[in-house]
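> Spelled out, the chains give:
There are 2 protein chains.
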Amino acid sequence: MKRIPLFAIAAALVASLGGTMIVSAGGADDESAPIFGVKLPAGYRDWRLISVAHEEGKLNDLRAILGNDVAIKASREGKLPYPDGTIIARLAWSYDALEESEKAFGRPQSFVAGRPKNGVQFMVKDSTKYAATSGWGFAQFDDGKPASEAVHKTCFACHQIVQARDFVFNRYAP
Amino acid sequence: MKRIPLFAIAAALVASLGGTMIVSAGGADDESAPIFGVKLPAGYRDWRLISVAHEEGKLNDLRAILGNDVAIKASREGKLPYPDGTIIARLAWSYDALEESEKAFGRPQSFVAGRPKNGVQFMVKDSTKYAATSGWGFAQFDDGKPASEAVHKTCFACHQIVQARDFVFNRYAP
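Protein chains in written order, with this note's numbering: chain X, 25 to 198; chain F, 25 to 198.
The reader is advised that the hints may include incorrect statements.
Heads up, simulated SDA-like pairs for lysine to any residue below, C-alpha to C-alpha not over 20 Å straight-line [to be verified]: (1) X:K141 to F:K82; (2) X:K63 to X:T152; (3) F:K82 to X:D120; (4) F:K97 to F:R72; (5) X:K141 to X:A174; (6) X:K169 to F:P198; (7) X:K82 to F:R131; (8) X:K127 to F:E80; (9) X:K97 to F:D166; (10) X:K141 to F:P198; (11) F:K141 to X:P198; (12) X:K63 to X:S151; (13) F:K127 to X:K169; (14) F:K82 to X:P132.
Note that these hints are calculated values from the structure, not bench results.
Between the sequences and the hints, there should be enough to build the whole structure, so can you do that?
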C-alpha cells in the first residue's frame, strides 16, 4: 500500500464523509454516480441496521449504517473480506438538541436526528468490477442526485485508513 | 395532566433512559418486565430504523430507535396517536471515539457504537391493556433480563415530557 500523508487522509475524510455538497450532472446516464457507476439502491431505507455514529466538527451529524442482506450477514459474522453483493449505506442527519429534554434538564442532554445532511453514501462490493479499488465501488447522493466526480475521487483514498477491516469503517453493533 | 416538577422529570429521565442498571427477578414469570408484563420481542434487532440519537452526560451513549412494521408505518406517516400493535425499540451502545479517525485528524472526530449499554427498552401500544398509562406499556431489559420494578416506575412519568407526541420522544428520520 502506498503511504498517504495524514493531512491528505484527514482532508479526504472530511470530503468523502459528506463535507462537500456539490451536486454534479452525475454519471453516464445522469442517475449513476461518477467513476463507479453506482445507482441509488431501491429500498435502502428499509435495510437493517449495522451501526450508528456521530461525526463532530464540520460534519456535525448523526448517522446510521444500514446494510442489504449480504452486508448484514457478513457484518454479523465479522468475517473479512466482505463478499461480492455487499452493499453498505450511510445515512446522516443534522445533530439537533431535543428541545423537551433540554428544557427538563436545563442543559442539552439528548441529541436527535434532524433533517437529512451530508448526503447518502454507499459502498458496493464487486471484486471484478471494482478490482482497481480493492473490490469496492463508492457513491454519494445529495437529495437523490449523484455527487460530483471530485467528491467520488476522495472515497477510496480515505477508506484506506481502515484497510485492515476491508476498507469499512463501521462494525456491527449487537 | 398532573403537573410534575422539572427536577423530578430530569431524575426520572436519567433513570428511565437506562442510568439504572439494577437487574431484578423480573415479572410474574421471570421473563416479563414488571408492572407492564412486556416480554422481549423476538427478532427486534431485525426491525427497521426509525431514528438515531446521542445522550450526553451520565448516559453517554449512541442509540438507535427501531420499530416493528406497525411502528414504521405510523412513524413514517407521522399521524398520532400510534395505533395498537405499535412496538418501538430503543437500543444503546457505548459512545466510543473511532481510533483510526482520531489518528488521522489528530483529535476525536468520529464516534461509533461500542458495547451494548443502558439496556434495551420497548414501548408497546395497547390502548386497553395499558389504559392507565395512556395506552403504552414500557419495558427495559439488561443483558436480556427484565430490569427492576423501580426502573419501570420511572418510564411513564418521564415520557409525559412528550405527551404532545403521544409520549414518544423520537420522530422518523427520513
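> Return the numbers of the hints above that this structure violates; sort them in rising order.
1, 9 and 13
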